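Number of protein chains: 2
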Amino acid sequence: MDILSRMEELILLSVWKLQEEAYGLQIRTHLSELLNHELSVGAVYVPLKRLKKRGYLASWDSEPTDERGGRSKRFFKLTEKGVGALQQVHNVQQSAWSGLPDLGLGWKPVHS
Amino acid sequence: MDILSRMEELILLSVWKLQEEAYGLQIRTHLSELLNHELSVGAVYVPLKRLKKRGYLASWDSEPTDERGGRSKRFFKLTEKGVGALQQVHNVQQSAWSGLPDLGLGWKPVHS
DNA sequence: GTATTTGTTTTAAAATTTAGAACAAATACG
DNA sequence: CGTATTTGTTCTAAATTTTAAAACAAATAC
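As you go down the protein sequences, you meet chains A and B in turn. Numbering (the numbering used here) for the first sequence: 1 to 112. Numbering (the numbering used here) for the second sequence: 1 to 112.
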């Protein structure tokens, strides 16, 4: 559709928000809380790989830490292309959610 | 994912915005302009049918009009469940797009 | 060395998206 | 009438995305 899917958008935003802590399991936790719904591991790792392959994300592998089970992590950060894709999806959302007539169904979106 | 897909969201919003003119081809035109990208016919009709089956949309068939080719149209409107689903996706978006740190990449989302 | 924890990869099924052919029914007009 | 054109919906198969969960890997704990 020439626009990020919802999951892709949420993952890119998660990487943005988590900054120096943006790696697979952390992203999964963050999004599970956001969605109030436990995501499977694959639900995060599969799109992460795709987003990287398409140039929306860059990644590098860390050294292991000395915590229990502290393996090497694969960290991600947004590329310029990734920011551009978020920009685009944000524009579409703004358009799509503006100018909605009153339906009398008890709710209207509020853009803080 | 327990949340509307992007296409589902856009179609529900289109039905909302188009009001008394919410039928397949019109929705297609509206979304094609919004996305700046010509959607195929199936890209609209397939999800429309699914959204109806799931109770997000109600529909009824009009009488033909006396315009050239003016066949009976299938009009749609949001159900309460449909409004609720939009409400939910709106909440998730608001959360996901708020509290983003400055990346110094030349852009930050503005919520009008 | 065996258990436990943190982390990534893989895989296959399910669901969604997409393009476009097919079909349907209306008016136009010779 | 018959054929063309327009508006509209249905169908369908391929491509893509999502999802769950098993497998694998590597670290510390004891």
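Keep in mind the hints are simulated off the structure, nothing from the lab. Please read all numbers here as calculations on a predicted model, not as lab measurements. Please note that the accuracy of each hint is not assured.
Remember, identical chains collapse to one label, so a pair may be satisfied in a single copy or spanning two.
[What the hints assert, rightly or not] With a Cα cut of at most 30 Å, we get these calculated DSS-like pairs of lysine-lysine:
(1) LYS81 <-> LYS108
(2) LYS52 <-> LYS108
(3) LYS108 <-> LYS73
(4) LYS108 <-> LYS49
(5) LYS17 <-> LYS108
(6) LYS77 <-> LYS108
(7) LYS73 <-> LYS49
(8) LYS108 <-> LYS53
Structure-based check of all given hints:
no., hint, result
1, LYS81 <-> LYS108, "between (33 Å within a copy, 14 Å between copies)"
2, LYS52 <-> LYS108, "between (37 Å within a copy, 22 Å between copies)"
3, LYS108 <-> LYS73, "between (42 Å within a copy, 28 Å between copies)"
4, LYS108 <-> LYS49, "between (37 Å within a copy, 25 Å between copies)"
5, LYS17 <-> LYS108, "both (27 Å within a copy, 12 Å between copies)"
6, LYS77 <-> LYS108, "between (35 Å within a copy, 16 Å between copies)"
7, LYS73 <-> LYS49, "within (14 Å within a copy, 43 Å between copies)"
8, LYS108 <-> LYS53, "between (39 Å within a copy, 24 Å between copies)"
Hint compliance for this structure: no hint is broken.
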